[in-house]
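Novice: Sequence:
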Amino acid sequence: MDPRIREHAEVVVDHSIDLSAGEDIVIDAHPVAEDLVVALHELAADRGANPLVIQERLGERYQRAFLRNRDEFETPAHLQALYEEMDVYIAIRGNGNVTETSDVDPETNAAYQQALQPLLDERLSKTWCLTQFPAAANAQLAGMSTEGYEDFVWDAVNKDWDAVREHQAQMVEILDPAEEVRIASGDTTEVTMSVAGNRTLNDYGEKNLPGGEVFTAPVPDSVEGEVLFDKPLYHQGREVTDVFLRFEGGEVVEHSAGKNEEVLTEVLNTDDGARRLGELGIGMNRDIDQFTYNMLFDEKMGDTVHMAVGRAYEETVGEGNDQNESAVHVDMIVDMSEDSVIEVDGEVVQRDGTFRFEE
10 MDPRIREHAE VVVDHSIDLS AGEDIVIDAH PVAEDLVVAL HELAADRGAN PLVIQERLGE
70 RYQRAFLRNR DEFETPAHLQ ALYEEMDVYI AIRGNGNVTE TSDVDPETNA AYQQALQPLL
130 DERLSKTWCL TQFPAAANAQ LAGMSTEGYE DFVWDAVNKD WDAVREHQAQ MVEILDPAEE
190 VRIASGDTTE VTMSVAGNRT LNDYGEKNLP GGEVFTAPVP DSVEGEVLFD KPLYHQGREV
250 TDVFLRFEGG EVVEHSAGKN EEVLTEVLNT DDGARRLGEL GIGMNRDIDQ FTYNMLFDEK
310 MGDTVHMAVG RAYEETVGEG NDQNESAVHV DMIVDMSEDS VIEVDGEVVQ RDGTFRFEE
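When you read off a place in the sequence shown, starting at 1, and then add 9, the result is the number in this note's numbering.
Don't read these hints as lab results, they were simulated from the structure.
Just to be clear, a hint being listed does not mean it is correct.
[Stated by the list, open to error] Derived DSSO-like pairs: lysine-lysine, alpha-carbon spacing no greater than 30 angstroms straight-line: (1) Lys168 / Lys216; (2) Lys268 / Lys168; (3) Lys240 / Lys268; (4) Lys135 / Lys168; (5) Lys240 / Lys216; (6) Lys268 / Lys135.
A quick note: this is a predicted structure, and the numbers were derived from the prediction, not measured.
Model the full structure from these sequences, guided by the hints.
Specialist: So this is what it looks like as structure tokens:
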């Protein structure tokens, strides 16, 4: 086994989830990630924990077969019971075929996500970690060799996360007490939003591995303006390009995409909350220097911001503020490296990708 796999497992167990004796772990993983699953089992045994492997989210062919043969869904009670009993949830991305579900109807996918929302609620209420195994299919999607992608993934995962936390804390100190954020890029993006009273979190590899962002929740009704997400979105096995959203009173009132617009439409039509922003994130990990069609990495890229339509994470919503609820949480990215600015309460905190504390 590549020693970097064992190091990856150690980061998950010791840094991300801080595994304790007696804890029951559910590991959701595709068979291509078997080596990482094996390493996690070795560490679970050493820590006195109890692992169980499933393929609920990440078993592509199984999911496709189910979704193409059914159009009405209900929350699976037996899976809900499993999640209620577990202490820790680990999801390992790694695909056999990244386009396996591309011929599933987007409306079917939206209905399925609605049925699974109680499962998402339960997973997020527990200790959890989402990470990536460098499978060949993901390397292909990124336009990289398998070896090159392995280096890319493990360089991003196996690092000094305490140093990352300290660097990103500078942006948390700016954003956490803020009232309003303005984001502008070229003549295609001009959007403002209130974050008053909401919390800014420092993602340094605990829940998402790799980490490398700070993020908060916009006040749902406060978002105004237009955004062109100039980095592609890869969703439901399809590439969606040049996503444009126009907000009024916090709600998406106009949208378009250069490719696969119907996928975007079905996301926005999932439920009422899918037309509002649930997250504003600022990418700060400059070790992630290549776009790979994998949001777990791409949203952390330095010199980017991302916004997610749909569900807001409860931890980012301040006491007394409304939490945007939805069955979806779909991130989209804006390149902020040129002709761009982030303002917080009227003061420039980043211009053309450079933070004011870096000047």
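Novice: Decide, hint by hint, whether the structure agrees.
Specialist: Comparing the hints with the structure gives:
no. : hint            : verdict
1   : Lys168 / Lys216 : 15 angstroms, holds
2   : Lys268 / Lys168 : 36 angstroms, violated
3   : Lys240 / Lys268 : 12 angstroms, holds
4   : Lys135 / Lys168 : 25 angstroms, holds
5   : Lys240 / Lys216 : 24 angstroms, holds
6   : Lys268 / Lys135 : 37 angstroms, violated
In this structure, the hints that do not hold are numbers 2, 6, in rising order.
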